[in-house]
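Letter by letter, the chains look like this.
2 protein chains.
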Amino acid sequence: MSKVTDRSHQISVVPLDKNYNVGAYSVEGSVDYEDLVKNFGVLPISKELEDRLSAAAGGDLHFMIRRGIYFAHRDLPWLLDQYEKGNKFYVYTGIAPSGGMTIAHLMSFTMAQWLQEKFDAEVLIQIPDEEKFLARKEMGLTLERTHDLAYEDALNIAALGFDPQKTKIFTDTEYAGVMYKQAVRVSKHITFSIIKDAFGFGNDSNIGSIFYTSMQAVPAFLKSVQKGKNIPCLIPLGIDQDVHFRVARNAIEKLGYYKPAIMHSKFMPSLNGSPKMSSSDPNNTIYLDDSPEAVVKKVNKAITGQQSTAELQRKLGGDPEKCAVCQYYKYMFEPDDAKLAMIFEGERKGTLLAGEHKKDLAQKINSFLSAHRERKSKLKDRMDEFMLKG
Amino acid sequence: MSKVTDRSHQISVVPLDKNYNVGAYSVEGSVDYEDLVKNFGVLPISKELEDRLSAAAGGDLHFMIRRGIYFAHRDLPWLLDQYEKGNKFYVYTGIAPSGGMTIAHLMSFTMAQWLQEKFDAEVLIQIPDEEKFLARKEMGLTLERTHDLAYEDALNIAALGFDPQKTKIFTDTEYAGVMYKQAVRVSKHITFSIIKDAFGFGNDSNIGSIFYTSMQAVPAFLKSVQKGKNIPCLIPLGIDQDVHFRVARNAIEKLGYYKPAIMHSKFMPSLNGSPKMSSSDPNNTIYLDDSPEAVVKKVNKAITGQQSTAELQRKLGGDPEKCAVCQYYKYMFEPDDAKLAMIFEGERKGTLLAGEHKKDLAQKINSFLSAHRERKSKLKDRMDEFMLKG
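If you're matching them up, the sequences are chains A and B in order.
Everything in the first sequence is counted per the numbering used here, starting at 323 for the first residue and increasing by one.
Everything in the second sequence is counted per the numbering used here, starting at 323 for the first residue and increasing by one.
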């Protein structure tokens, strides 16, 4: 049973008697996703909804949806209704820079890019360079540092293959000329009580971190402001970020805009099996700028669901659900369901041994990272095409 | 004895047993300025300091300083030390748009312009178009309305005769591209506890109004940021605004900039003798766009310190301290001390009767407003020279 910090001061949406918590600034314990869906008031993505999404996407469904990694949503059927009526949506997602970007950070951008391809969607990417500067004092980040990190993140994101014509990226401090006015409009509908309950902030929280969620809300309706008519918005995000929009959706509706639809993903586990890969635990995290040697070394230390010896593993088999290597294939590195099934089967039946298993994954990761580095070097002088300022 | 609203939830700098209060969002009761100086921890402007200021200004002293209307300060001797060392200061002041601008609003701009003239100072003027939108819900202001009002205010200010080469005006929403990043830096050093105590905000306050003071802090060090070296700043303001800087000065110092010096003015009384002219009491307030007839009508209803009949007044005389007409001469419309002394003397001795007294003042006000309107009409197509965006 994992220890969960005291949150009695907070009207948490995850009840206090649970052994896990999912907050915007920390995820603790072993997350019970089925339980979480009920507590957050979101809906699971049903088979029927999957089929509808697949049909709208031209008969394709991203493996992260097929595999239940994107597992919950808000208002997705409404978004598809709008789409079917010819009312196209745009996609909004983002990342708060705090250090090297990890492969887990790619989940929402991978989904955003898929949505762009399948639904011809414009994509708006927020890099809130003030967020962790304000809310994570213990990190000792300066705004100069988060600014540099933001530009590293932007290049990493662009290099996933976004269409520069339809994808715009901005940092909050550089796009504040546009953002602040709209954040002010949002902020008028959010009291400190709401923020206290939603984020667990208290009287000792700084007033920048208290205001911040207003800035995160803006891109969810900004295209409607700019185009002078209501345009649906879809946000793919890790479910820990849902709280920002639980707060903002009401405010956005009061301003007369559509509430954004949301698709929620589970957390990619860390290499040691912790339920959420964290950029602050470097040994159990794959960074996009890890060297091939570092990847091999880290993957070699990854937890597997296997028995203690090769002999026992051949005899008894292992548990792919507890095996970080299997999970990395599932979350990111094996898009082919049939091949993934073979890997899981090998793990389960004991025919796949740890050494070989890890060697294969390290190779897949390194070949992904190497191609990504190559795309980055081609794009690095073209980032002006992506960046918004104003 | 004036009634003062409950402020027991607030660690007010004006103790709870006083019969007045001076807060950023309301002034109540009959302000005891001598007592206020002690409670706010500011210093009175001494005769010695007046002399020093006059010497630095080339042997001149604005009548508002001579007459104790600007009566208190923070760090003014330090500012003059810097000035004498060749380290010139700039001037920062502003106005939160909420409705028509009144003559009382001119006090800080009049002082700013005098400082520009005498000290060759650059002037930076903030028009926080979000402030009252956020903090004064009952006013029902939209951001579109405050934006329009901001531009009216900017023209009214520029027409006082500021040098367009050395005077820049901006609205917060339009200059947020520059302002927000610096406000974020300030906000990290201000907790909700501080804001609660300083402004009397509570859990039901919106998060925009909680953040706002960070924006008001920025112009006090912005030139230092922009020029890459520490430049002294002097802020002339009504003493009700001191609280913003009581909070911000510590934060600004933590960021490594000079704390701004401040000159505090008393409040211009309203025509009915209330201690502070308020734009929300139109009958007792002179607006810059009042017609000549409206001015005559309002001044005719002004309170005087005179006896109930002309006969009694001739016999007993009146009290210029209680006479709004005398006070308007003192605060704004009679810069000549000898002439002002004659007016006060006439009131005191009963030789000056109400009708004549009021007629003269109405004429002075109307001739000021007429000249001001003329300067406005000449400037109205040249406001781009003053306005900052970014």
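Worth double-checking, as some hints may not be accurate.
Pairs involving identical chains hold if they fit within one copy or between any two copies, as the list cannot separate such chains.
Each computed DSSO-like pair below joins lysine-lysine, with the alpha-carbon atoms no more than 27 Å apart [stated by the list, open to error]:
no.	residue 1	residue 2
1	711	551
2	551	637
3	551	360
4	459	581
5	518	503
6	503	545
7	459	637
8	711	549
9	702	369
10	711	698
11	459	576
12	702	503
13	671	681
The set of hints was computed from the structure by calculation and includes no laboratory data.
Review point. Are the CA atoms of residue 518 and residue 503 at most 27 Å apart within a copy, between copies, both, or neither?
Key: both (23 Å within a copy, 24 Å between copies)
Review point. Are the CA atoms of residue 459 and residue 581 at most 27 Å apart within a copy, between copies, both, or neither?
Key: between (32 Å within a copy, 24 Å between copies)
Exercise for review: State whether the alpha carbon distance between residue 503 and residue 545 is at most 27 Å within one copy, between copies, both, or neither.
Suggested key: both (14 Å within a copy, 23 Å between copies)
Practice item. With 27 Å as the alpha-carbon cut-off, assign the pair residue 702 and residue 503 to within, between, both or neither. Key: between (31 Å within a copy, 25 Å between copies)
Exercise for review: Since the copies are identical, ignore which copy is meant and state whether residue 671 and residue 681 lie within 27 Å (CA to CA) inside a copy, between copies, both or neither.
Suggested key: within (19 Å within a copy, 104 Å between copies)
**Study point:** Alpha-carbon proximity between residue 702 and residue 369, which holds within one copy, between copies, both or neither at 27 Å
**Key:** neither (41 Å within a copy, 64 Å between copies)
Practice item. Tell me, please, which holds for residue 551 and residue 637 at an alpha-carbon limit of 27 Å: within, between, both or neither? Key: neither (64 Å within a copy, 72 Å between copies)
Check your understanding: Between residue 459 and residue 576, at a C-alpha cutoff of 27 Å, which is it: within one copy, between copies, both, or neither?
Key -> between (33 Å within a copy, 15 Å between copies)
Point to revise | residue 551 and residue 360: within-copy, between-copy, both or neither at 27 Å Cα | key: neither (33 Å within a copy, 55 Å between copies)
Check your understanding: For residue 711 vs residue 549, is the C-alpha pair at or below 27 Å within one copy, between two copies, both, or neither?
Key -> For residue 711 and residue 549, both the intra-copy (18 Å) and inter-copy (22 Å) Cα distances are at most 27 Å.
Check your understanding: Are the CA atoms of residue 711 and residue 698 at most 27 Å apart within a copy, between copies, both, or neither?
Key -> Answer is within: at 21 Å inside a copy they meet the 27 Å cutoff, but 34 Å across does not.
Review point. Is it within, between, both or neither when you check residue 711 against residue 551 at 27 Å Cα-Cα?
Key: Intra 22 Å, inter 26 Å, cutoff 27 Å: intra and inter.
Hints 2, 3, 7, 9, counting from the list given before, are not met by this structure.
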